[in-house]
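**Q** Sequence:
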Amino acid sequence: MNGEQTMSDAGELDRVARATLTRVIEPGDERGGRWLRDLGAAEVLAKLTGPESGAAALPGATPRRLAVCRTRAKEADPYGDLAAIAEVGGRFICPGDQEWPTQLDDLGDARPVGLWVRGPSDLRAWALRSVAIVGARACTPYGAHMAAVLGSGLAERGWVVVSGAAFGVDGAAHRGALGADGATVAVLACGVDTVYPRGHAELLGRIAEQGLLVGELPPGDHPTPGRFIQRNRVIAALTRGTVVVEAQYRSGSLVTARCAQRLGRHTMGIPGPATSGLSAGVHELLRGEGVLVTDADEIVELVGEMGELAPVRRGPVLPRDLLDAVSVRVLEALPARGAVDCARLARIAGTVPEETLSKLYGLHALGFVERHGDCWQLTDQAIRRSNARRGGS
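Position one of the sequence shown corresponds to residue 19 (our numbering), numbered consecutively onward.
Source of the hints: derived by calculation from the structure; they are not laboratory data. Take these hints with a grain of salt, some might be off.
[Stated by the list, open to error] Computed cross-link-like contacts, SDA-like style, restricted to lysine to any residue with a CA-CA straight-line distance of at most 25 angstroms: (1) K92 with C112; (2) K92 with T212; (3) K92 with P241; (4) K92 with A79.
[As the list claims (entries may be wrong)] Distance windows between CB atoms, simulated: (5) E227 with G333: 41 to 47 angstroms; (6) G197 with R280: 29 to 35 angstroms; (7) Y267 with G333: 40 to 46 angstroms; (8) E220 with R331: 33 to 39 angstroms.
Keep in mind it's a predicted model, so treat the numbers as computed, not measured. By construction, the Cβ of each residue, glycine as well, lies at the ideal position given by its N, Cα and C atoms.
Given these sequences and hints, build the entire structure.
**A** This is the structure in structure tokens:
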């Protein structure tokens with residue numbers, strides 16, 4: 019019993035230390051990640067809150083960096099943060115927890131210190147079958163439409179849609195999933211109790227009720243440009259693949275895609291007009307290792323299990339497609355206007371008269387040709403068909 023209690027106390031100590039360090043170590047800070055890997059969260063926090071000589075032992079820490087970290091550590095209130103997240107129905111999860119998505123460990127020393135989560139579902143279970151949809155904030159109507167269609171299509175197939183809750187493509191993807199009564203996860207660059215962007219207050223509220231809000235930053239913390247960039251690595255690592263809908267050459271969405279590629283995840287892109295600057299980054303991605311996709315079926319074929327294949331894409335089957343090769347030659351040998359006798363038609367088609375006559379009777383039965391005495395000609399219906407060859411011999 020004492021052993022179990024000791025393990026429980028150690029786990030709680032690590033949890034509180036990690037909650038504190040989310041206010042000390044910036045997202046994606048690999049040096050801070052090395053401290054955690056080598057020393058453990060409790061020891062790192064002890065060095066930052068203890069004598070300056072102890073903090074100086076942290077490898078690679080400059081005096082200025084140590085001063086900032088020590089100030090942040092002393093001002094942190096982990097119990098207040100844990101109470102604040104509980105008040106909005108959330109929780110704080112750490113590496114080693116049952117709910118921790120182990121694919122985040124692929125980030126190595128850039129792995130999150132911990133995650134603040136808001137919503138009723140299990141993040142680890144959802145992440146196992148998830149796809150990221152990212153793209154431009156100032157997207158075109160086409161981009162918003164495609165993101166919404168992909169979001170709803172993936173949700174209908176039982177996949178979780180992950181994005182960043184930003185304006186444009188992100189918001190459209192979340193709404194598409196929610197509209198299909200599906201699951202969606204918003205990875206934020208701020209506290210999960212903070213409404214950002216303000217214009218997405220209703221959307222974030224719906225996601226908190228029906229999906230999950232996830233972030234590395236503690237309650238009440240604010241976003242910065244650097245935190246948005248670092249947020250993208252979590253989106254990439256959390257999911258089976260990343261789809262970029264619209265992105266310029268310099269785009270945070272491409273940062274997510276490149277991170278996904280480095281992690282060995284699938285990277286996909288939705289093509290757009292060749293003249294659109296908002297699709298230029300996507301097209302560059304597709305010229306490299308990205309895979310072109312156009313709908314949810316094609317995404318699932320790539321990221322899903324063996325046998326989850328997209329349907330074969332083909333145009334409509336036309337009557338001419340059902341003809342044998344010789345019948346096609348006879349049909350194509352007929353002039354667009356006027357009639358021709360069987361012997362001449364056989365010479366044009368490169369067949370013998372008997373075989374030509376046999377094929378003509380078959381074409382007559384199908385409505386392609388009509389007989390006028392000893393001559394044959396195309397029917398008006400055959401001339402109008404786009405698949406019939408026009409022009410004469």
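**Q** Hints first: check each against the structure and report whether it holds.
**A** Evaluation of the provided hints:
1. K92 with C112: holds, 21 angstroms
2. K92 with T212: holds, 23 angstroms
3. K92 with P241: Since the Cα atoms of K92 and P241 sit roughly 22 angstroms apart, the hinted pair holds (cutoff 25 angstroms).
4. K92 with A79: holds, 17 angstroms
5. E227 with G333: 41 to 47 angstroms: About 44 angstroms separates the Cβ atoms of E227 and G333, which means 41 to 47 angstroms holds.
6. G197 with R280: 29 to 35 angstroms: With a Cβ separation near 33 angstroms, G197 and R280 satisfy 29 to 35 angstroms, so the hint holds.
7. Y267 with G333: 40 to 46 angstroms: violated, 34 angstroms
8. E220 with R331: 33 to 39 angstroms: At 37 angstroms between Cβs, range holds.
Comparing the model with each earlier hint shows a violation of hint 7 alone; every other hint is respected.
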